[in-house]
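J.: Sequence:
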Amino acid sequence: MAFTPLHDRVLVRRVESDEKTKGGLIIPDSAKEKPAEGEVVSCGEGARKDSGELIDMAVKAGDKVLFGKWSGTEVTIDGEELLIMKESDILGIIA
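Residue numbers (full-length UniProt numbering): 1 to 95.
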């Protein structure tokens with residue numbers, strides 16, 4: 001893939017949720033919510049302070065992250081649906 005986000009933006013691939021609940025019920029596609037969990041595909045170089053100093057990114061490619069339900073902009077790159085979001089939209093890293 002030849003796409004690198006700029007500044008403090010992150011490219012994220014959604015992780016598909018389970019098709020069954022813990023109780024064993026199968027969830028139809030029409031009732032599924034979009035997952036708020038994903039894997040970082042690539043990151044920009046980071047934001048800059050007013051002085052011009054670079055602020056390093058807290059996430060890196062390969063990190064599993066949790067983000068807000070309405071975060072990011074959906075894009076299609078090489079036929080794959082991905083999200084571009086600011087690093088501040090990411091709630092945390094899943095260990």
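Calculated directly from the structure, the hints in this document are not laboratory data.
In this text the structure is predicted, and so the values were computed from the model without any measurement.
Take these hints with a grain of salt, some might be off.
List of simulated lysine-lysine pairs, DSSO-like, C-alpha gap at most 30 Å [as the list claims (entries may be wrong)]: (1) Lys-60 with Lys-86; (2) Lys-49 with Lys-60; (3) Lys-86 with Lys-64; (4) Lys-49 with Lys-69; (5) Lys-49 with Lys-64.
J.: Take the hints in turn and mark each one as holding or not.
T.: So, going through the hints one by one against the coordinates:
1. Lys-60 with Lys-86: holds (13 Å)
2. Lys-49 with Lys-60: holds (20 Å)
3. Lys-86 with Lys-64: Answer holds: Lys-86 to Lys-64 is near 15 Å, not above 30 Å.
4. Lys-49 with Lys-69: Distance ~28 Å between Lys-49 and Lys-69 Cα, so the pair holds.
5. Lys-49 with Lys-64: holds (27 Å)
Going down the numbered hints, you'll see the structure goes against none, and every one checks out.
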